[in-house]
Amino acid sequence: MAEEREVNSASFYQFLTEKKLMASRCKKCQALYLPPHPICTKCHGSDMEWVEMKGNGKLAAFTAIAVGTTCTIEEGHDRNNPYVAGIVELDEGPKISGRISGLDARKPETIKVGTPLTAEFPEQEEGKGCYVAFKAQ
Amino acid sequence: MREVAVVGVGMTQFGPSEKTNVELFSEAAMDAIAESNLEPKDVQALFLGNVFCGFEEGQVTLSAFAAADIGVPYIPTTRFEGACASGSVAIRDAYMWVASGAYDIVLAGGTEKALAMGTAYATRTFAMGSDSRYEAPTGITFPGIFAMMAHLYAKKYGIPLEQLKEQMAMVAVKNHHNGTFHPKAHFRKEITIQDVYKSIMVADPLQLYDCCPFSDGAAAIIIASAEKAKKLTDKPVYFAGAGQCSAPPLPNQKDITLVKARQASAKQAYDMAGLSPNDIDICELHDCFTIAEIVATENLGFFDHGEGCKGVERGETQIGGRIPINPSGGLKARGHPIGATGAAQVYEIAKQLRGECGERQVEGAKTGMTDTLGADLCMVCNMIFRI
Numbered sequence: 001m002a003e004e005r006e007v008n009s010a011s012f013y014q015f016l017t018e019k020k021l022m023a024s025r026c027k028k029c030q031a032l033y034l035p036p037h038p039i040c041t042k043c044h045g046s047d048m049e050w051v052e053m054k055g056n057g058k059l060a061a062f063t064a065i066a067v068g069t070t071c072t073i074e075e076g077h078d079r080n081n082p083y084v085a086g087i088v089e090l091d092e093g094p095k096i097s098g099r100i101s102g103l104d105a106r107k108p109e110t111i112k113v114g115t116p117l118t119a120e121f122p123e124q125e126e127g128k129g130c131y132v133a134f135k136a137q
Numbered sequence: 001m002r003e004v005a006v007v008g009v010g011m012t013q014f015g016p017s018e019k020t021n022v023e024l025f026s027e028a029a030m031d032a033i034a035e036s037n038l039e040p041k042d043v044q045a046l047f048l049g050n051v052f053c054g055f056e057e058g059q060v061t062l063s064a065f066a067a068a069d070i071g072v073p074y075i076p077t078t079r080f081e082g083a084c085a086s087g088s089v090a091i092r093d094a095y096m097w098v099a100s101g102a103y104d105i106v107l108a109g110g111t112e113k114a115l116a117m118g119t120a121y122a123t124r125t126f127a128m129g130s131d132s133r134y135e136a137p138t139g140i141t142f143p144g145i146f147a148m149m150a151h152l153y154a155k156k157y158g159i160p161l162e163q164l165k166e167q168m169a170m171v172a173v174k175n176h177h178n179g180t181f182h183p184k185a186h187f188r189k190e191i192t193i194q195d196v197y198k199s200i201m202v203a204d205p206l207q208l209y210d211c212c213p214f215s216d217g218a219a220a221i222i223i224a225s226a227e228k229a230k231k232l233t234d235k236p237v238y239f240a241g242a243g244q245c246s247a248p249p250l251p252n253q254k255d256i257t258l259v260k261a262r263q264a265s266a267k268q269a270y271d272m273a274g275l276s277p278n279d280i281d282i283c284e285l286h287d288c289f290t291i292a293e294i295v296a297t298e299n300l301g302f303f304d305h306g307e308g309c310k311g312v313e314r315g316e317t318q319i320g321g322r323i324p325i326n327p328s329g330g331l332k333a334r335g336h337p338i339g340a341t342g343a344a345q346v347y348e349i350a351k352q353l354r355g356e357c358g359e360r361q362v363e364g365a366k367t368g369m370t371d372t373l374g375a376d377l378c379m380v381c382n383m384i385f386r387i
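In the order they appear, the protein sequences are chains E and Y.
Per this note's numbering, the very first residue in the first sequence carries number 1; after that it's consecutive.
Per this note's numbering, the very first residue in the second sequence carries number 1; after that it's consecutive.
By construction, these hints were calculated from the structure, which means they are not laboratory data.
You can trust all of the hints, since none of them are fake.
The list that follows gives simulated cross-link-like pairs (lysine to aspartate or glutamate, EDC-like), each with its CA atoms no further than 16 Å apart:
{"no.": "1", "chain 1": "Y", "residue 1": "Lys155", "chain 2": "E", "residue 2": "Glu109"}
{"no.": "2", "chain 1": "Y", "residue 1": "Lys184", "chain 2": "Y", "residue 2": "Glu356"}
{"no.": "3", "chain 1": "E", "residue 1": "Lys95", "chain 2": "Y", "residue 2": "Asp131"}
{"no.": "4", "chain 1": "Y", "residue 1": "Lys235", "chain 2": "Y", "residue 2": "Glu3"}
{"no.": "5", "chain 1": "E", "residue 1": "Lys107", "chain 2": "Y", "residue 2": "Glu162"}
{"no.": "6", "chain 1": "Y", "residue 1": "Lys254", "chain 2": "E", "residue 2": "Glu89"}
{"no.": "7", "chain 1": "E", "residue 1": "Lys95", "chain 2": "Y", "residue 2": "Asp255"}
For reference, chain E alone in the conformation it holds in the complex (with noise of 0.2 Å):
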């Protein structure tokens, strides 16, 4: 059962093993984080619950990068190939970065911010999992 899963990070990457992006609600103000949090920000409450978001966001913030991280130069990134990460706002309302597919990296003129985006489950390298990614509709 999704709900009885403790509020914490490792939780919220086993659910993305299971395709699903998970944020926490406060019970008690109604608050919702993604990232989840165990404790709410607002009201100080711990009383927790997991609520699925549906994926569907708009993308706020981006840039292509040519110059990448270990991660993303073990996938085969470099300066003739980059890729395109920023941060997505979702329907729901919160905010996460991400790596973003469908978008051409290599014109970054052509991209723009409120671009339509649905979430991505990809797997991380060998034995972590999976990550949330986002890619243009």
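Once you have looked at the hints, place chain Y on chain E.
Using the frame of chain E, we list chain Y on its own:
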């Protein structure tokens, strides 16, 4: 709180170095101690900024060994970690401890060997400054964060990206020019706007010459009560105010072109000093990327929002301009040994207010400010100094 002053400063050459973090810091510390007309035994405590000594050298407990290395092993020492603002948060704390009366004379500063890690490993460790549990798989880099800032800035203020890129390049050209006059700067060469455009793309729209380097280096400051300071030097540089503020992980920050942590930190410093941005003659700020300097000049109140880019274009931030920004060459040219950067900024302000900067001297500077920014815009420290 009682009055407190900087009585001596020291700094190593910034750039590649074979020395250890401790050796680098000792060199800067001994210069600062000598300039203060003190001996190491007069130092009552050490506040040392450093971020990655564990990764750089397989070494922690750095502050203890740094004190031992200058011959004062039996004093209280602490390492401060505030990402790229580590040196500044160490100095601000040292200031508070002396102001409180707990100590009369404190050694503070920072040291770093960022180059020792190599680019790939350095990029990996620097990424630890983000909310790494959640952000590591996204592939967002530090240049990437400021690249997003540049895109949002252009959109928010209706500036064509090509125009903003030229204004950003002007920041790099200015800071490299200033750096040619700093004998201890990592880079001492002029560059042109075309050089910036010709450099490789890092994270659109930031090219290599929009980015500061990784550097090795250390800087040290002796902080004393005003009463002691007057006996030690003819040129005490007084703390007028200080501020510090943190922020949540990047996606939870509402508008990254405003850097809320900096606005709050700067306000604390201005309020404590009883000063406003118009009173500042000179500022050393955190130009980790060219867009970062433009945004910082607005966050600190030197320009209205959306006007910082025009200020650079008009030459207002050059030495001799309305508000000279980064006369030392900034992180861009002086270099960015992360834990030492804040201390190098204080070094510059102290030298400038004492009128000892030669060709990069800002004539008549009496009030100076530092600004150091760490991680995903989530750690800021500001200090204001006067003579």
